[in-house]
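Q: From these two lone chains plus the hints, build me the complex, please.
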Amino acid sequence: MTALAHVPTSTGQPPGPPPPPRRGRHRLLPYLLLLPGAAWLLLFFAVPLFQLAAASLYDPSGSLATGYALTWAFGNYPDVLQAYWPQFARSFGYAGIALVLALLMGYPLAYAIAQKAGRWKNLLLVCVVAPMFTSFLVRTLAWKTILSDNGALVGLLRDVHLLGPDGRLLATPIAVILGLTYNFLPFLVLPLYASLERLDHRLLEAAGDLYASPVQTFRRVTLPLSMPGLIAGTLLFFIPATGDYINAELLGTPNEYMIGNVIDSAFLVRLDYPQGAALSFLLMAAILAVVFGYLRRAGTEEVL
Amino acid sequence: MTGMSAKTTGRDAPAGDLRLVNLTKRFGIFTAVDDLGLTIPQGSFFALLGASGCGKTTTLRMIAGLEQPTSGQVLLGDRDIARLRPYKRPVNTVFQSYALFPHLNIFENVAFGLRRRGIRSVDDEVMRMLALVQLDDFGHRRPAQLSGGQQQRVALARALINQPQVLLLDEPLGALDLKLRRQMQIELKRIQTEVGITFVHVTHDQEEAMTMADTVAVMNAGRIEQLGAPADIYEYPGTAFVANFLGQSNLLAAEAAGPAGSEVPVTAHGANFSVPADRARADRGTVYLGVRPEKLHLADSADRVPAGHQHVTGVVTDASYVGVSTQYLVRTGWGGELSAFAANSGLGGRLPVGASVVAHWDPRHAFLLPRKPGQDDDRTAGLLDEPVGASS
Numbered sequence: 001m002t003a004l005a006h007v008p009t010s011t012g013q014p015p016g017p018p019p020p021p022r023r024g025r026h027r028l029l030p031y032l033l034l035l036p037g038a039a040w041l042l043l044f045f046a047v048p049l050f051q052l053a054a055a056s057l058y059d060p061s062g063s064l065a066t067g068y069a070l071t072w073a074f075g076n077y078p079d080v081l082q083a084y085w086p087q088f089a090r091s092f093g094y095a096g097i098a099l100v101l102a103l104l105m106g107y108p109l110a111y112a113i114a115q116k117a118g119r120w121k122n123l124l125l126v127c128v129v130a131p132m133f134t135s136f137l138v139r140t141l142a143w144k145t146i147l148s149d150n151g152a153l154v155g156l157l158r159d160v161h162l163l164g165p166d167g168r169l170l171a172t173p174i175a176v177i178l179g180l181t182y183n184f185l186p187f188l189v190l191p192l193y194a195s196l197e198r199l200d201h202r203l204l205e206a207a208g209d210l211y212a213s214p215v216q217t218f219r220r221v222t223l224p225l226s227m228p229g230l231i232a233g234t235l236l237f238f239i240p241a242t243g244d245y246i247n248a249e250l251l252g253t254p255n256e257y258m259i260g261n262v263i264d265s266a267f268l269v270r271l272d273y274p275q276g277a278a279l280s281f282l283l284m285a286a287i288l289a290v291v292f293g294y295l296r297r298a299g300t301e302e303v304l
Numbered sequence: 001m002t003g004m005s006a007k008t009t010g011r012d013a014p015a016g017d018l019r020l021v022n023l024t025k026r027f028g029i030f031t032a033v034d035d036l037g038l039t040i041p042q043g044s045f046f047a048l049l050g051a052s053g054c055g056k057t058t059t060l061r062m063i064a065g066l067e068q069p070t071s072g073q074v075l076l077g078d079r080d081i082a083r084l085r086p087y088k089r090p091v092n093t094v095f096q097s098y099a100l101f102p103h104l105n106i107f108e109n110v111a112f113g114l115r116r117r118g119i120r121s122v123d124d125e126v127m128r129m130l131a132l133v134q135l136d137d138f139g140h141r142r143p144a145q146l147s148g149g150q151q152q153r154v155a156l157a158r159a160l161i162n163q164p165q166v167l168l169l170d171e172p173l174g175a176l177d178l179k180l181r182r183q184m185q186i187e188l189k190r191i192q193t194e195v196g197i198t199f200v201h202v203t204h205d206q207e208e209a210m211t212m213a214d215t216v217a218v219m220n221a222g223r224i225e226q227l228g229a230p231a232d233i234y235e236y237p238g239t240a241f242v243a244n245f246l247g248q249s250n251l252l253a254a255e256a257a258g259p260a261g262s263e264v265p266v267t268a269h270g271a272n273f274s275v276p277a278d279r280a281r282a283d284r285g286t287v288y289l290g291v292r293p294e295k296l297h298l299a300d301s302a303d304r305v306p307a308g309h310q311h312v313t314g315v316v317t318d319a320s321y322v323g324v325s326t327q328y329l330v331r332t333g334w335g336g337e338l339s340a341f342a343a344n345s346g347l348g349g350r351l352p353v354g355a356s357v358v359a360h361w362d363p364r365h366a367f368l369l370p371r372k373p374g375q376d377d378d379r380t381a382g383l384l385d386e387p388v389g390a391s392s
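Taken in order, these protein sequences are the chains called A and B.
For the first sequence, my numbering gives the first residue as 1, with consecutive numbering after it.
For the second sequence, my numbering gives the first residue as 1, with consecutive numbering after it.
Some clues are possibly wrong.
Said to hold, decoys possible - Taking beta-carbon pairs under 8 Å as the criterion, some of the chain B residues facing chain A (in silico): (1) Pro86; (2) Tyr87; (3) Phe112; (4) Arg117; (5) Ile119; (6) Phe138; (7) Arg158.
Note that these hints are calculated values from the structure, not bench results.
Glycine included, each C-beta is placed from N, C-alpha and C at the ideal position.
Excised from the complex, chain B in its bound form (with noise of 0.2 Å):
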């Protein structure tokens, strides 16, 4: 960027990765976040996510600096800013409810933090920020004669203009609604890869999270349950809490005896089948065979399956049109229900409930996660959860 040399001396210092060593955070009993490392290279856009309570929004307030860490450090490039005074981190954070100030115009809320930094004139890049976010003439304006969505981008430029090293974003589309929210990801991420900033994104949509983050850290229970490229962790969970939280997916609990070659042989409600070994968390003992409901297809006889697809039969018990897709439950011959979602591609008519099926899949799309002994039901998500559409 050009024209902030006014900028006091270090903030244009390079800012270098951030990195969480060991953090903790406890209140009271309840540990919050559970000595979580992680490293959050430069210029990247990280995704953290995870459902309500996880410890998500305790670590990016612990690295804003509004959350004393229990134990641990923040890193910024080699600095530990963990101690640091909100006010004196290179860090800004666009807060959930805005949190605009009312008593001033957007202007003036823009150009807050360079104000407080006692830069003086502040027009041009007031206006650039507005410019920015597309909200050129709204600069006399009070924040409560803006809708959600305007809110939403003042909250973005007033944190941008500081340049910071790294920009907090805590849930800021959770109050938009949908179609707002999907504009809004398309142009935070614009607005990511025009300023190179790096952007720590918390949020519980993991629609949210695949559409803008290059990386992802799914969060559960206050540690990181896997981390990585959205695609990466979806067509290959970890665990399977991360199966079921990013996306959903058919958890057949299942038993394996290891590796054959470069397969696992499985065992599942006295069926056999296979996966590659590549695609195996674990491949001995108790394991979850997993497919994703978008790669489970339907045949309605077992001739029909393609060659080298793994099958099981079933009724369709019920189905549920959604625009993209049919999603499909299907109860096997053991009891369980699996979940299948047909893409209406106009290809294939759809299937009627009390229809019997063959539900086969490639197991080149199949994984092995490990499952806890004990654990011996089926993890299969219902079909009243948020729906991924059509993403195969």
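Bound-form chain A, shown alone (with noise of 0.2 Å):
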């Protein structure tokens, strides 16, 4: 669209000769700017991850108490996971259904808050961040109690005969499930919500009148100009959903353990530090596999 750009003429300053170029300086300017954030980088991201790298290829057999040698024990890998492989298919299982809820949920939410709700449209944004004013934990904690045997919604569930008489929700796969999808919907809401707050609505007229039903134009229009936030939303939930375990701690049993939670042993319990790292990144190379896959079909030019 031709928007005319106004540009002031007048800054403020006295018109006057304009300043002596100082090109030495502009040039380094953006290296300044880069170098507090890549300091922190590399410090605390790729020197440890350097490090865990080595520690995925520990002999085995070392333990912290008669130390690890560096043997490039590439075994190291497919042993965890061929033990622990129901774990990553839980996780990975997990947080997919999860993100369907999620989508199910986050997407008309983001939709009527940013087409429909007006002046509500601040107040229910905050309504999506409130919860995370709190911590975590206790959130999930909160959702042990909502899901406990003698709550409410249990009850009420077994009143209406969906569970049994001795029907449970807690440390269940699908307490695990509501645990993931509550606590990360925000981070699918948000980054939906900026791209469909930025939807013009002149260009839902157009489709209408141009023969698009409601429906077609959610298709043809609506989906297709929210992909940005749409992609961007569901990495950030996907991704934290994969690797938590905090949810399957607090609302599963080890039957729902996933693969954070025993990476998590790995590391703190059992001290098997090499087990802990293989794991480590397995995970991250099967969560970048999924991730590249995703972008590859839903590909669009603004994300990759």
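A: Encoded structure:
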């Protein structure tokens, strides 16, 4: 569109000759601005990552007490995969189901806030973000209460026979998936909201004018135009949800444990560093593979 | 047009006139469109002209289905489409903002309407449309890569390809610069003649309306003030509003005492004038005596006034040279100001500020308009208004 950018001619400074160009400083400036962040990443991301990579190749027979030797033990990887593939599968399964649930709730929610909420927009946004003001742990513990065997929800479900007389929610996969859905929903809603908020209402009118029914308008205009937010939101949801271990820990049992729980215990309980490191790298690789596969398919230029 | 055999039935049926019957739209207590009645003949280029907020865009949106009328009918032929959803109407719109789909290329933008109606082979039709708007090689580009004028033409092609019974244009040229606008005006007129679809064009630009439309309806406060061919409205406006919205006019507060033969004598500021009876919208009581600035000629003395012309004397207070013409403000004996445009045809010199002049006009170019008692001031469009050029 031909939005006329109005460039103010006066910046409040008295008119005078332009300052002499300082090319040297101008060329350095971007790098100077990069420096703090780059140093931070190097110290606290690149170096630990390198250490982790080294740890994953330690001799598995070592221990903290006897010390570890870097023996390039690539066998660690097939070993942990064989031992913990159910947890891997569960991680992606739970996170995937939670993502679908979150999309079913989050898209209409983001759409309503962005396009229909009018003056309630900010209040509703605060409602989406407000739970984040309390700790992740506290929120998950609250879900433990909500889903507890003598809680109102289970009682209601038993009354309407959706649950058997001894049926429970807590300590089931359902509880873990609900927890994941709840805890990461804002990460999905916020980017989606940002995308849908920018959606020009006149484009929807134009689609209607050009014989698109409301459903077609959604498929052909709204959805493609919200794709950047949708992709960002699903990634922000899916990646932490896959690696999460708090929900499985608090709302599930070892039968619901996800790969995060295994890594957690490898590092902090069993003190098996090579295993923990190898699992971490496998998880990272798996998530990267899924994400790239996803971006390939969703394929918007804005993201890749 | 040929090659449109795949069209859904009903769309090929003769369109018939577009009729608005008692159309009313209220937003809360504000009446945007007030009991509007209008017949737009099939195949005509119709302009709805008015200032912003006069209800013209609301009227257009009601025809498009983007706004629900509070009451009244929108008849297309014999069918009332006022309550149909927009996507079910054989009507397409060229939006002011163009509203091109940014995620689709030009080809897909133009093909959008056909595809939504389930038409599979769209290539020929799209290419033909792109050729019509002279954008043959732009099919693969995105809207953001096009200039304003090109986007405007895509918006036009995207609407026209559906062969609507009525094409609505919502100030489609507003964002273009003057030169491009002129070009597009001629272009739009050419395309309309070529496709023969009813065009309803909403604009606040009187020159644009006059350039393109067969019929202009001047809207004010939700009502039609006057409707007719551009030249008819311009030469013989129906109300004081029209006289100053469509071009400019010198309107002198005057009194008329009824027709005398083929003339209507009037008195204004103590002087006597007359207007032919067939140019009087009112011939009794308080009236405005109107003369267009370009029909008001300036002479340096009373004996140079041609026979049969009527005149007032005054002093030039301002002279603006605008190229095709020079626009003068003349202060009259009673203190009012008159506006006069003199074409820079090379005949006659220019008058300096302060010169005593005689402003004269042919009574056949004057007109009488009704005036509400109490509106005692003259109404003269100032020189700062949009120039209409030397159109006499």
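Q: Should the interface hint for B:Phe138 be scored as holding, given a Cβ-Cβ cut-off of 8 Å against chain A?
A: violated, 16 Å
Q: Under 8 Å is the threshold here; is the Cβ of B:Arg117 close enough to any Cβ of chain A for the hint to stand?
A: Since the shortest Cβ distance to chain A is 5 Å, the answer is holds.
Q: Once the shortest beta carbon distance from B:Phe112 to chain A is found, is it less than 8 Å?
A: Since chain A brings a Cβ to about 5 Å from B:Phe112, closer than 8 Å, the hint holds.
Q: Does B:Tyr87 pass the interface check with chain A, least Cβ-Cβ distance below 8 Å?
A: At 5 Å from the nearest chain A Cβ, B:Tyr87 passes the 8 Å test, so the hint holds.
Q: The hint names B:Arg158 as touching chain A; please verify it with the least Cβ-Cβ distance against 8 Å.
A: holds, 7 Å
Q: Going by Cβ atoms only, is B:Ile119 closer than 8 Å to chain A?
A: violated, 10 Å
Q: Would you settle whether the hint for B:Pro86 is holds or violated, based on the nearest Cβ-Cβ distance to chain A being less than 8 Å?
A: Result: holds, 4 Å to nearest chain A Cβ.
Hints 5, 6 from the earlier list are contradicted by this structure; the remaining hints agree with it.
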